[in-house]
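Start from chain A and add chain B according to the hints.
For the protein sequence lines, the chains are A and B, in the order given.
Numbering follows the numbering used here, in which position 71 of the first sequence is assigned residue number 71; successive positions increment by one, without gaps.
Numbering follows the numbering used here, in which position 282 of the second sequence is assigned residue number 282; successive positions increment by one, without gaps.
Just so you know, these hints were derived from the structure itself, not from any lab.
Remember, it's a predicted structure, so these values are computed and weren't measured experimentally.
Don't take every hint at face value.
Remember, identical chains collapse to one label, so a pair may be satisfied in a single copy or spanning two.
Under the rule of at most 27 Å between Cα atoms (straight-line distance), these lysine-lysine pairs were calculated in the DSSO-like manner [said to hold, decoys possible]:
1. K581 with K330
2. K406 with K581
3. K484 with K79
4. K581 with K484
5. K46 with K179
6. K330 with K318
7. K61 with K76
8. K545 with K484
9. K581 with K189
10. K61 with K581
11. K318 with K46
2 protein chains.
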Amino acid sequence: MTYQPPVRDHIFILADILNIDQYGDLPGFADAPMDVVSQIIEESGKFTAEVLAPLNAVGDKEGCHWFPDHTVATPKGFKEAYAQLVEGGWPALGAEPAYGGQGLPHVINLSFTEMCSSANMAFGMYPGLTHGAYSAILAGGTQDQKDLYLPKLASGQWGGTMNLTEPHCGTDLGLLRTKAVPQADGSYKISGTKIWISGGEHDLAENIVHLVLARIEGAPEGVRGISLFIVPKFLPDSEGKPGARNGVYCDGLEEKMGIHGNATCVMRHEEATGWLVGTENQGLRIMFVMMNEARIGVGLQGIAQAEAAYQAAAAFAKDRLQGRSLTGPKNPEGPADPIIVHPDVRRMLMDSRAIIEAGRTFLFWTAMHGDLAHSHPDEAVRQKAGDYMALMTPVLKGYLTDRGLKVCSDALQIHGGSGFTEHFPASQYMRDVRISLIYEGTNGVQALDLVGRKLAADGGRAVMSFFAEIDAFVAAHGEDLILKPFVEGLDAAKVQLQDGTMWLMQNGLANPDNAGAASTDYMHLFGLTALAYMWAKIALVAQTKIAAGDTDPFFANKLVIGRYYLQRILPDAASHLAKLKSGSELMMALPADAF
Amino acid sequence: MTYQPPVRDHIFILADILNIDQYGDLPGFADAPMDVVSQIIEESGKFTAEVLAPLNAVGDKEGCHWFPDHTVATPKGFKEAYAQLVEGGWPALGAEPAYGGQGLPHVINLSFTEMCSSANMAFGMYPGLTHGAYSAILAGGTQDQKDLYLPKLASGQWGGTMNLTEPHCGTDLGLLRTKAVPQADGSYKISGTKIWISGGEHDLAENIVHLVLARIEGAPEGVRGISLFIVPKFLPDSEGKPGARNGVYCDGLEEKMGIHGNATCVMRHEEATGWLVGTENQGLRIMFVMMNEARIGVGLQGIAQAEAAYQAAAAFAKDRLQGRSLTGPKNPEGPADPIIVHPDVRRMLMDSRAIIEAGRTFLFWTAMHGDLAHSHPDEAVRQKAGDYMALMTPVLKGYLTDRGLKVCSDALQIHGGSGFTEHFPASQYMRDVRISLIYEGTNGVQALDLVGRKLAADGGRAVMSFFAEIDAFVAAHGEDLILKPFVEGLDAAKVQLQDGTMWLMQNGLANPDNAGAASTDYMHLFGLTALAYMWAKIALVAQTKIAAGDTDPFFANKLVIGRYYLQRILPDAASHLAKLKSGSELMMALPADAF
Chain A
1 MTYQPPVRDH
11 IFILADILNI
21 DQYGDLPGFA
31 DAPMDVVSQI
41 IEESGKFTAE
51 VLAPLNAVGD
61 KEGCHWFPDH
71 TVATPKGFKE
81 AYAQLVEGGW
91 PALGAEPAYG
101 GQGLPHVINL
111 SFTEMCSSAN
121 MAFGMYPGLT
131 HGAYSAILAG
141 GTQDQKDLYL
151 PKLASGQWGG
161 TMNLTEPHCG
171 TDLGLLRTKA
181 VPQADGSYKI
191 SGTKIWISGG
201 EHDLAENIVH
211 LVLARIEGAP
221 EGVRGISLFI
231 VPKFLPDSEG
241 KPGARNGVYC
251 DGLEEKMGIH
261 GNATCVMRHE
271 EATGWLVGTE
281 NQGLRIMFVM
291 MNEARIGVGL
301 QGIAQAEAAY
311 QAAAAFAKDR
321 LQGRSLTGPK
331 NPEGPADPII
341 VHPDVRRMLM
351 DSRAIIEAGR
361 TFLFWTAMHG
371 DLAHSHPDEA
381 VRQKAGDYMA
391 LMTPVLKGYL
401 TDRGLKVCSD
411 ALQIHGGSGF
421 TEHFPASQYM
431 RDVRISLIYE
441 GTNGVQALDL
451 VGRKLAADGG
461 RAVMSFFAEI
471 DAFVAAHGED
481 LILKPFVEGL
491 DAAKVQLQDG
501 TMWLMQNGLA
511 NPDNAGAAST
521 DYMHLFGLTA
531 LAYMWAKIAL
541 VAQTKIAAGD
551 TDPFFANKLV
561 IGRYYLQRIL
571 PDAASHLAKL
581 KSGSELMMAL
591 PADAF
Chain B
1 MTYQPPVRDH
11 IFILADILNI
21 DQYGDLPGFA
31 DAPMDVVSQI
41 IEESGKFTAE
51 VLAPLNAVGD
61 KEGCHWFPDH
71 TVATPKGFKE
81 AYAQLVEGGW
91 PALGAEPAYG
101 GQGLPHVINL
111 SFTEMCSSAN
121 MAFGMYPGLT
131 HGAYSAILAG
141 GTQDQKDLYL
151 PKLASGQWGG
161 TMNLTEPHCG
171 TDLGLLRTKA
181 VPQADGSYKI
191 SGTKIWISGG
201 EHDLAENIVH
211 LVLARIEGAP
221 EGVRGISLFI
231 VPKFLPDSEG
241 KPGARNGVYC
251 DGLEEKMGIH
261 GNATCVMRHE
271 EATGWLVGTE
281 NQGLRIMFVM
291 MNEARIGVGL
301 QGIAQAEAAY
311 QAAAAFAKDR
321 LQGRSLTGPK
331 NPEGPADPII
341 VHPDVRRMLM
351 DSRAIIEAGR
361 TFLFWTAMHG
371 DLAHSHPDEA
381 VRQKAGDYMA
391 LMTPVLKGYL
401 TDRGLKVCSD
411 ALQIHGGSGF
421 TEHFPASQYM
431 RDVRISLIYE
441 GTNGVQALDL
451 VGRKLAADGG
461 RAVMSFFAEI
471 DAFVAAHGED
481 LILKPFVEGL
491 DAAKVQLQDG
501 TMWLMQNGLA
511 NPDNAGAAST
521 DYMHLFGLTA
531 LAYMWAKIAL
541 VAQTKIAAGD
551 TDPFFANKLV
561 IGRYYLQRIL
571 PDAASHLAKL
581 KSGSELMMAL
591 PADAF
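Pulled out of the complex, with its shape left as it was, chain A reads as follows (with noise of 0.2 Å):
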């Protein structure tokens, strides 16, 4: 069975829990009302699903390859599926007009990513990486540096990456020695060795843009002498053509458990010449504009590896005959039921959904909020956007991507001993999924971030808004008897995640070791505190469709599926919180030797 790209949801999402429409004087929502979205929201499915789907598996299993001229070449079929990419102008989608994008909101290119990660996850963090080197040099580049290469990366007409890591660092970016030495005509030469460098070289794009991090000579040590390059592989020449060959090379790819589609690759910077981008010193400030986009691509990319494993699941539970329901057979004529009759093989299905459809919603609602606080003419409603954004980052990427692990564990899991061999999907999306846990940030590095950053920004007041405007949701729904048990599911949540962050303000402080030890449970309780909180907002849509008439199921459903959740997957939140509480004695007691 093949990808069947969720477009009811996401039009359901965009139109009803969001309601983009009424922005529609923001900038850039302007050119998007509701029918042109759902259009666009269409064309997406069908790309993806037609054109990158089938290249998934191919990917997989045939890898790319490294040639000794440093070459790469990606599986078959990938570059005519790019050619199509930026044919169709799909990379334009979310770029500035100014420089040949079409400048639709972030929330609607998220539609589009999503379902281009789910249809061939390693395939589409090529135009990903791409993207997130077209908001660094946005954000930090001067008007001849965005004039001379955004068009191109707007366009996907060059690919972009980012140069971070090296082989003694990877979290801890203080540590890097990739060093820059000025020259005399106010370009650098840049010289280090750079791993697991994501599309650092392909064959897709007759360019590729790498923004590096590296150190100018003389610089201080840390992170506070960290500055950010651009490095053509190819020199544009005086038309911004690609020119002369630039000193970086790829000098072997990294076997990796899955994305093989994607050539991770080690980077040498051999005097290559690169141009600052902002100030001196400055980079790991622009590095972060990208590196938060990227962070959301990531939580994204744990829904959308969930919903292609999940429907692969379905399709298989819905097939498969094997055994006969315990309350009497439901297919008499056939040799044995679809296993879909088991109460364990639903289990795993509704968790997956209960997941997949709230995590899907926080992560639009989120990028909505980025939306708004880029271009929301309110002073209020920009700040309360961009805390929201800041916020929610690190809970979108950490805790979506371990429920997209489990999902996807989940989704073999309903496969049986097919799941486990290469035959069917199961066994590469678990594989893909895994790297979402890790890259852009651990998710060990997202709950510190939470905890030891945002919580605590401006006296708390991003988690303080959140919780007023749950408050205020539940003092105007509480009433409501279909909505009863969200909203007192909801409100049961948000007084757990209330108690651990009072937990962590009076214990964090103490011993920073209690943050740490908490970070990661208080995330989960973050993150199921959300999820609560979407399920919530989608119960009260289907609900009043509902009342006013609508018998479409896919409105009750919603009902269901939203219980489900508060009887089924809730109740960890009480865990988490008992967990974070115990604090750090025990868990720091042992010298390091005893391990």
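What follows is chain B alone, placed relative to chain A:
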């Protein structure tokens, strides 16, 4: 870093927790006083670490090779290692002296089996399945069959397999179609296709003995018409040596997510000569003798892979320098601290230890009950031990493999980006362990076996006996100050497990879907309680040693890890109880076509 056999922990469990010397007057145990057992464990560690562990990555990368003449070559080095295994007499450890075995208790064989699986899971499956075939013939074969086959299987000179699954039937064996036609000489002609046959063909042993489920012509449909047959690859000649080639052929190998070093075969039986084991149509009963043993072996694989993955992660965490401790530099001379200083890394390591050490104890404790059920002179002891074996087997298989996957995934996570590459062992451990949640009955099947059969058997005698044993422990040790948290945690878990058991009794009969819907959460609640009991037993021994003046940190560390289990793992019990009591209504509410 290479695998370090947990010799000390194995000796601790056998000598101090199980105190096997108390059974010195029982057969098997009589030949295994603790000083001898300690030597066996030391030697097991040497053999597995020195001979098998170095081939683990080799086997993963190279995999097995199938040739058109239906032969299969195992990865480089496997053949020589297998010869050393046979030479060393390792397969014979637990076999009967009458058939050339050493007749040691199963619990001691388990120690070797765990190390074998940690060092090289794919390799360990070859002797593992051979032992399964041995057990089936021992349980159901004629004396002639035993005399002919058991010595060869016990020594490992011949390999063994289980041929159950067919393309259209895995869990539901009642659907199987492989047919057996009686011959004048008392043999049968077996024809049909079997899939996913581990070790179905290889170059390690001079003959392979397949235990094959098939339906005798005219037998009833469903599970009541299934018989078990011995189908050797080479028909034994008059001297019992491999003679004529039998009609059983490997037609190909499965491409799998992991255990690449084990040949997973498609087996074609083409009028293969087979001999009935036991009586007609009673094949499943005998097959379940080996299946139950195999299920404990699979639970052991969960812990074995967890142990190996944990070791790799701990070594990486002590070696990798990245960032600084939140409480000030711990490695001020170096460029950064080792990542083991970070609480969230510790969390994953401590979670792993808390599961592995109690999980291993639970496995050994249950296996020892298997030995007592077999050979204790007191009928009451045998009965209780047999009850425990039956009750705990699905919990060991389902709960410990599920937790084993989590530990392996956490170990990969601790490696960061390195974990996703195939240069480090973490990916292989996670890919290899994944099958353990599936084969020998998926974990969902285990959960259903637990709630549907094992709980209700003999009026719930087994589970009530377990509750009584815990109550006695609580009563005996509730006043000890050091043991208090263990006793309180155990008692609270037991109360929750009783609550869940009661709920099942009241609601599972009324609607069988309620039992199915509750089954996996109940199995986890059971596993959590069992491990709380193991930690209480471990704490009792450790505290007794400490009180007697033993200053070995091994014992103090056990108390720390045990208390960590209570604070950081056991809170999940309440969550599982809440979920299981929510019933099946919402889980089963959607029509199948809504998925």
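Notebook entry, point to check: Out of the numbered hints, which ones does the structure contradict?
Noted result: Of the numbered hints, 3, 5, 9 and 10 do not hold.
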